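Novice: Residues per chain, in single letters:
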Amino acid sequence: MRGLAPILVAVALLATVPLITSSNVVLNFLVTTFLIALVGQGWNLLGGYGGQYSFGHAAFFGTGAYVTAVLQVRYGVNAWLGFCIGIAAGALVGAVIGALSFRSGLKGSYFALVTLAFAEVLRIIASVAPITGAGVGTLIKLDLRPEAFQFQSRAPFYWIVLGLVGISLVLVRMIENSRFGAYLIAVRENEDTAKALGVDTMIVKLGAMTVSAMIAAAGGCFYAQYFLFIDAGIAYGPWISIEALLAPIIGGVGTVFGPLLGALVVKTLGELAKLATGDAPGLDLVLYGCILILAVAFAPRGIAGILADLRHRLRPIGPAAPASQERGNG
Amino acid sequence: MVSPVILVPAILNGLMTGAVYALIALGLTLIYGVLHIINFAHGALLTAAMFAAFFAYRLLGLDPYVAAVFLTPLFFVLGYLLQRFIIGPAARGEDRNILLVTLGLAVVIENALLYAFRGDTRTINLPYAFNVVEIGTAFLAVPRVIAFVVVIVVALGLWLIMQWTDTGKAIRAVAKEKLGAELSGIDVAHIYAVTFGLGTACLAIAACLLIPTYYVNPGAGNAFVLIAFTIVVLGGMGSVAGALVGGLFVGVVESLSGLYLGESLGQIGIFVMFIIVLLFRPNGLFGERA
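Going down the list, the sequences are from chains A and B. If you use my numbering, the first sequence corresponds to residues 1 to 330, in order. If you use my numbering, the second sequence corresponds to residues 1001 to 1290, in order.
No wet-lab data here; the hints were simulated from the structure. Note that the structure is a prediction, hence the values are computed from the model and not measured.
Okay, the calculated beta carbon distance ranges per label pair:
#1 B/L1261 x A/I131: 14 to 22 angstroms
#2 B/L1183 x A/G135: 52 to 60 angstroms
#3 A/L197 x B/E1094: 18 to 26 angstroms
#4 B/P1089 x A/G105: 28 to 36 angstroms
#5 B/R1172 x A/D192: 25 to 33 angstroms
#6 A/I131 x B/D1120: 26 to 34 angstroms
#7 B/A1241 x A/I167: 47 to 55 angstroms
Calculated cross-link-like contacts (lysine-lysine; reagent style DSSO-like; alpha-carbon spacing at most 27 angstroms):
#8 A/K107 x B/K1178
#9 A/K195 x A/K107
#10 B/K1176 x A/K107
Now the stretches of chain A that chain B is said to cover, found in silico as 3 or more residues with beta-carbon under 8 angstroms:
#11 119-133
#12 295-307
For glycine and all other residues, C-beta sits at the position ideal for the given N, C-alpha and C.
The task is simple: from the sequences and hints, build the whole structure.
Specialist: Written out as structure tokens, the structure is:
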């Protein structure tokens, strides 16, 4: 399979971090960064490759988180099983929202609006429904056993989230190299032409949305297990929808490594801002908003685009960059 | 059935609330009609305007209705500058970029307000806020009646600007045929910015009408903006008359569903209506099908 080696090397290198340091600060930072990279990869599949910009990935993240947490707390389901069911539930929500909106022919701004509205409806329902703990939220009981998906140290969590990121990277790379991936990019570049050439654009978009939701839901499930507490604002709040699209846009939309690169940069800048100003509410998001605007204005292809340009400049007669990175001027 | 004694005031109150919704939606639909973008920063700008009206009263002692006279031109200029120097250049005419830039602006404004003023909810106490007017069996709060009248006047004024001034004609020309307008010597970037400014100015007026009876916190504007989105979609994107009728309609629906279903479910009613309209009539009840 083409292009898998860099992913395996990167994941293997990152996997050594807990062996080098046992600092909780470093591990915690990397775990939250990888979490954003994971959810961002979900967004990237639909938004970056398929061109369908969702402003409501919180809908899938939150569903994963709530299903995992509620199954454990209220029904005594094993945490690992709850994790799997949570991912499936997120994928189902993605398929339903996708089927409804693509069937109605929503795209562009309309698609962004309807995804945002679905996430908001779920947030309001979660903040009043008794099963989610309403305004109080849901607390998963502390039970530090591997069978309960809880660990004494942060290292196992680190490896698990890194593993999930690794799986998402491989999955997106495989999709990129597949016929389905080619159809998806065709839909992004020109949906009408793709349709005219016989691509079933409805099925392609729906498939991408389902897998995208599944990846985002995995992030939500992991969040619930790692922090052991969620409420409506965390699970379905706009923050996760924004970070999910910020990471790939900063890193490079429609590139496999974009979300991971973007998450690392964005989270590092966020931490630096917190160090510089103290932990003030809202300041990190002000920074993210500014970065988003600046990135759209000056680096529409993200870090991956800048790197590709640099490589091109250093080797003017070398082979052209892969098609997946030639994006942003369309 | 509920007796007319309750029903009539509920409908009248719905119309009063709906008028302010309509004004917010008017700004949104104006921007959409000309620039063909959904302004995701609309809610954050409304919040900013509400804070401005709040502090104009708290610090300068300005009555919100007096403050409107100053805040409206101020927000017009703010909107003009935002479109001319940030949104326009950053987006380079690509729809996806505009979505992201306005979303980025919304995040920046909202969180800057959160950082500056914390999450506290603030209200102002006007001496006449609880005065009522009696119309038949209904008692209507004075600020809401004022709001209703002001909105009608503003909508009429906007219509006159669009119909009779050169700028208004240029705006309509750009909305219809951007390239043609550019070829006949209209400065499109300027017209875009003027339109964005007008949309933002509507928010300043709406904020001054809201603040006497409503509270402000860094998320206050968002509650209105999803309603405004609903109205705009309902009335047909870009249709000014649609926004007015849609706004009044949604106000009444909200008031009645609050009456029959209770407050928190009434809120969900709006979202559900929004999603249903978006899914089944994305061009609006009055718009033609794509």
